[in-house]
Amino acid sequence: MGLLLVLILAACALFADWIAPHNPTRMAPALKYLPPSWLEGGDPRFFLGTDQLGRDVLSRLIHGARTSLFIGVTAVTLATLFGVTMGLVAGYFRGWVDVIITRLADVQLAFPFILLALAILSVTESKTALTIIVVLAVADWVIHARVIRGRVLVEREKEYVQSARTLGASHWRILFLYVLPAVLPTAIVIALIELAVLMLVESVLSFIGLGIDPPAISWGTALADGRRSIANAWWMLVFPGMAIFLAVLSINLLADGLADVLDPRLKLTGLARRIIRRRPVRTASAGREAANAPLLAVEDLHVEFPTDGGPAVKAVDGVSFTVEPGTRLGIVGESGSGKSVTAMAAMGLLDPAARITNGSIAYKGRELLALSETELNRVRGSGMAMIFQDASTALNPVFRIGWQIEEAIMLHQPVGRAEARRLALEKLRMVNIAEPERVARSYPFEVSGGMQQRVMIAIALSCRPDLLIADEPTTALDVTTQAQILRELDALITKLGTGIILISHDLGLIAEFTDYVLVMRDGRVVEAGPTAEVVSAPRHEYTQMLLAAVRALDGAVQEEEPVLVHAAP
Amino acid sequence: MSMLRLENVVKDYPLRSGVFGGTSGVLRAVDGVSLDIAAGSTFGLVGESGCGKSTLSRMVLGLERRTAGRIDAAGRDPQELKGASLKAWRRDVQIIAQDPAGALPARMRVRRLLEEPWRIHRIEPPHGRPIQVAQLLSQVGLTERHGRAFPHQLSGGQRQRVVIARALALEPRLVVCDEPVSALDVSVQAQVLDLLRRLQSEYGLTYLFISHDLRVVRSMAAEIGVMFSGLLVERGPADAVYRRPAHPYTRELLNAMPSIDGGRRLRSVAFGPPAATLDGDARRTGCPYRLRCPLAIDRCVAERPPLRQVAPTRFSACHRAEEVLSATRTSQSIGDHK
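Here the protein sequences line up with chains H and D, keeping their order. Each residue of the first sequence is one higher than the one before, starting from 1 at the first, in this note's numbering. Each residue of the second sequence is one higher than the one before, starting from 1001 at the first, in this note's numbering.
To be clear, the hints were calculated from the coordinates, so they are not data collected in a lab. Quick reminder that beta carbons are idealized off the backbone N, C-alpha and C, glycines included. Any given hint could turn out to be false.
[Said to hold, decoys possible] In silico DSSO-like links for lysine-lysine, alpha-carbon gap of 30 Å or less:
id, chain 1, residue 1, chain 2, residue 2
1, H, Lys495, H, Lys364
2, H, Lys158, D, Lys1082
3, H, Lys158, D, Lys1087
4, H, Lys364, H, Lys314
[Said to hold, decoys possible] Computed footprint of chain D on chain H, listed as stretches where at least three residues anywhere in the stretch have a Cβ under 8 Å from a Cβ of chain D:
id, segment
5, 404–415
6, 507–516
[As the list claims (entries may be wrong)] Residues on chain H that point at chain D, a partial pick, calculated with CB under 10 Å:
id, residue
7, Leu177
8, Gly333
9, Phe445
10, Gly449
11, Thr475
12, Leu486
13, Ser536
14, Ala537
15, Ala549
16, Val550
17, Leu553
18, Asp554
Work out the full structure: start from the sequences and follow the hints.
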């Protein structure tokens, strides 16, 4: 849509001489103020009417597109080139270069634009397209520089920049070959948005008489002409206005679309999202007595992800299991085995692109797939909770930790702020945080990764869920922290009688902490049973392979008890 | 012949505070580390995040200036080099980093990014670039098909292989492996570690192998060092350290590892609450591990234990290292009589 309109606009600008029905500057005083052709008194030759000098409004619009677009595109190109370069240099080299560039940008942002425009335009004798372009570009580069600098600050810390340096790449090579491509999509999208802004600004400048000198035509000057004749020729004002509106709108639409397309990693989901909506299937064995139903019963679950063109990927292909209160179920498998998708399906948190094509997920006998989003929300949190791998992204960075736990408590329990605060501290103490008051006052980034994960667990447990799903809860953590957190989790669920699903690729972890295990591969359960049995006598060769991988690391030292466990001090 | 030698390497970071960004002290990230890696061998460095192991590797790679001490990597001190000689030295010392942190530029096809090292150094490989790229790919178990892909189209294990292939393009002598398998599934880890071992024996590479996983390090390295809070707290032959640690921190690391055959040991191990971190002066004196240590005594507050020889081939920075060593041998608890 945006693209189509922009193409039409560009065509108008390029081929104005052929498209326009009349010479836009030819005056015919006899034909002045003719209304559009479809109105009374209109002349069929002038579709959108004529102006105060008898010039064809449509032709002037089409030619105006050329000027407006030319000025806009050139100004944005200049501003982008300069701004992006400044942003790259400032963000990458930091230090005094950064200070000078950002201070310069700050000063300019604080400076009133109109004053700047007046200053530049007053020193030039005539207002040609070039002077307008210079005014716009000078005003605009700051935006590009600031946005790009911010992006570069993120990129320069990434591992690939360091790797490129160890390869011996020069700073300029890293900047233009590695960092620039990474920030380019942002730059392009900003440029498009700014193009729309600059076209507006140009018309504003023209409107207040600072625009391009006649006989050159831009939409802004057309608008200015129209204003003077608004009483007797509204079409002179309305049509240029609509042209500007449509142009800006379509460019912004295009910018939006482009932002999605430009990131290669978003391509598939972006497209798929638009075509497929989630379609839950109702095959529940509903109405079972809640009293003797298991905590969670998943039956013959099938989840598919549509792909571009090809057949849908079967992420989960007929998985069944049950979780009883107070038991620990482990799901083990490699990445892509469908273990996380299974968990997300149970929580009702599947990616919108995913489709549940068959199966049933019953929580205490209640079919979850048949629930509305609101009903599901009530079950989530109070009945079920989830802990994700990356606590740093799961916590909101702008709120204090204590506040986030209080929110979770107040969402599910009818308590006031003061009581919630007391409960929050209690939860923090429960997950073995030594100074709960200090941690509650901190922001997530102020505490370590292990601490963040403890906070996540505190939040998940703050609503006393009956079922806790932990998806690789400790994979990002050090082994010592991992052991500590899992142990605490284990003790807590024993105390509270919570059922837990622990998902991990590490069979060692699963062996330590679960009662039952599902081994998943390619969306199917290849082996299931009590953990101790599966580990000591695996039947499926895939399970044997997973075990061998862990044993290869553990090494031959296993015959000899490696270390003692000494008592707590 | 030693390929990498560190002598009392120290790295301080200035701590900024307040609105004016004045320095209010220093954070000692690496505190006098010495080690020596013979050409063609592997030294494993273990420790938890924030212990200084990555800062150490950045100094070895010449990406960070040290505050004190000496570094000799592949015959040169990276800090003394600049310009053309630095660039030439970089061919000898490469890094195999962890991919999910973004070790590969997202917008280059694999083939292109494997050519990158030669382009940077303006080398025309002997058989021409396409053939050399194909060779690199096959060395790490990938094919031409993978060469046409973008990194995000590959699996984690395949991406890690690409990272390895690129590091090998310049035929380095010393390779810093910084958590090369931490993000991979256990089953894929084994394959990548096998690959690293094979490449080492084929090209005589020297590895500084860094990981937080003691199992992985032990399976790769003949000798390992354990870092805690910027200090090397234990050093010794990998198997010996793994079987009989000589420092209580190493023992904590070993105890924390999940194991299939451990009989649910982790569930029963007593872990104290996460210890408060030491700040300021407390960090500079005494043993940095004392707050977490079940064996801590008064002496640990007063006197920092130096890294000393506690048995043939074994070094430990603990006042009670001998007790730790013998306790593990007899499988007796020694935590009680402090």
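Against the structure, the hints:
1. H/Lys495 - H/Lys364: 20 Å, holds
2. H/Lys158 - D/Lys1082: Given that 30 Å is the threshold and the Cα spacing comes to 23 Å, the pair holds.
3. H/Lys158 - D/Lys1087: 21 Å, holds
4. H/Lys364 - H/Lys314: Holds, at about 27 Å.
5. 404–415: violated (count 0)
6. 507–516: That given contact holds, which follows from 6 residues of the segment 507–516 of chain H lying within Cβ reach (below 8 Å) of chain D.
7. Leu177: At 8 Å from the nearest chain D Cβ, H/Leu177 passes the 10 Å test, so the hint holds.
8. Gly333: Result: holds, 9 Å to nearest chain D Cβ.
9. Phe445: H/Phe445 check fails; min Cβ-Cβ to chain D is 14 Å, beyond 10 Å.
10. Gly449: 7 Å, holds
11. Thr475: 8 Å, holds
12. Leu486: 7 Å, holds
13. Ser536: 9 Å, holds
14. Ala537: 12 Å, violated
15. Ala549: With a closest approach of 4 Å, the H/Ala549 hint holds.
16. Val550: Because about 5 Å separates H/Val550 from the closest Cβ in chain D, which is inside the 10 Å limit, the hint holds.
17. Leu553: 4 Å, holds
18. Asp554: Status holds, d = 6 Å.
Checked against the numbered hints above, the structure breaks hints 5, 9 and 14 and satisfies the rest.
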